[in-house]
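Following the hints, complete the assembly by docking chain X onto the known chain L.
Each chain, letter by letter, is given below.
Number of protein chains: 2
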Amino acid sequence: MSRGIIVAAQPECYLALLHYPVLNKHRQVVTTAVANLDIHDIARAARTYGIAHYYIVTPIAAQRSLVETIINHWRRGYGAEYNHSRREAFSRVCVREDFEQVCRDIGERAGKKPRVVATGAALEKGLISYGELRKALVEGDTPWLLVFGTGWGLADSIVARADCSLPPVRGGSDGYNHLSVRSAVAVVLDRLFGC
Amino acid sequence: MSRGIIVAAQPECYLALLHYPVLNKHRQVVTTAVANLDIHDIARAARTYGIAHYYIVTPIAAQRSLVETIINHWRRGYGAEYNHSRREAFSRVCVREDFEQVCRDIGERAGKKPRVVATGAALEKGLISYGELRKALVEGDTPWLLVFGTGWGLADSIVARADCSLPPVRGGSDGYNHLSVRSAVAVVLDRLFGC
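Here the protein sequences come in this chain order: L and X.
Quick note on numbering: my numbering labels position 69 of the first sequence as 125, and the sequence is numbered without any gaps.
Quick note on numbering: my numbering labels position 62 of the second sequence as 118, and the sequence is numbered without any gaps.
Please keep in mind that the hints were generated in silico from the structure rather than gathered at the bench.
A quick note: this is a predicted structure, and the numbers were derived from the prediction, not measured.
Idealized CB from N, CA, C, for every residue including glycine.
Nothing false has been slipped in among the hints.
Here are the computed distance ranges between Cβ atoms for each label pair:
hint	chain 1	residue 1	chain 2	residue 2	range
1	L	R190	X	L183	21 to 27 Å
2	X	N128	L	G133	34 to 40 Å
3	X	E156	L	D219	51 to 57 Å
4	L	C251	X	R165	32 to 38 Å
5	L	R160	X	S121	48 to 54 Å
6	X	G163	L	Y138	38 to 44 Å
7	L	E156	X	N128	41 to 47 Å
8	X	S121	L	S121	35 to 41 Å
9	X	T198	L	D197	44 to 50 Å
10	X	D154	L	E156	50 to 56 Å
11	L	G163	X	R83	43 to 49 Å
12	X	R165	L	D197	51 to 57 Å
13	L	G228	X	N128	21 to 27 Å
Same shape as in the complex, but just chain L:
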């Protein structure tokens, strides 16, 4: 008979960075280009804070191919040998064509569809506080998916589909909150998982 201690498995949290559908500065829905440092910085932050998988989402096949090449360089190519911690970070990065594919993929991995959390610098409705989400992440048995938008943020269609939204990250009293998505991801993960 086993005397092993039963440890409740922490529900997995996933992260998606969308390049479509996102807004441009005129609030039009557009597709943005993948930025190399979005791959690196967010992979490193995701690994640091224990994110199960980091999905880079773009409908453009040539961009997906480029991202795959970059991922493979750091996972298996010269980069993997040169920088072991980067290889480790890249082991959890994948690229997908659209948001639906990400949700299906998580459903298959985790055995349940994820609860989706939208993020953005101007979200006001359906908010869950960082403290509430931190608690829910530890207590529940549902996988969670944090969704970040490039450009000027997630299109309304994605926010409307989310189960809830995190409040915008604010720093000071004057309301300026124009962080890069790389910085916003780091701050949100630290608020949810930092110690």
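Chain X alone, transformed into the frame defined by chain L:
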């Protein structure tokens, strides 16, 4: 007689990103190249969290000249017209030759030499907690300077000169903490000034 309410001025906090003296992966002291997104991301985070000035520090004249060109594009050139929030972020960025110049500059602006806080992913000595520093930032009347290193982090000579160090940012229990300096800056500022 004035009936104005007297409000205690919040002591100013400054930030410096050093490209020398910093370490490479073999712990040798080197000079790193300036990365364009270090200018942008940290300028935006510094402005979001109310940092008085963000100093980019490099001993290489050609790099300082390049940084000045980039700053001017976003402060006065086409970039300033295209993106007002970026112009606002860049209004607090300056470039200096070395760490001594930064300390002198702050001394002249603030009327007092700054207390220096080192940051890094492996610092262990002379630590001040985020909570203690957050309190000190509000209560004291001394300017503070947060110092971040590029490459593999600040050289020992800078850490030894600092008045104290912040503990490494950690995310999970397995100790992996290889954030980019851009992400680390955002997390540290959020822990000190976020609301």
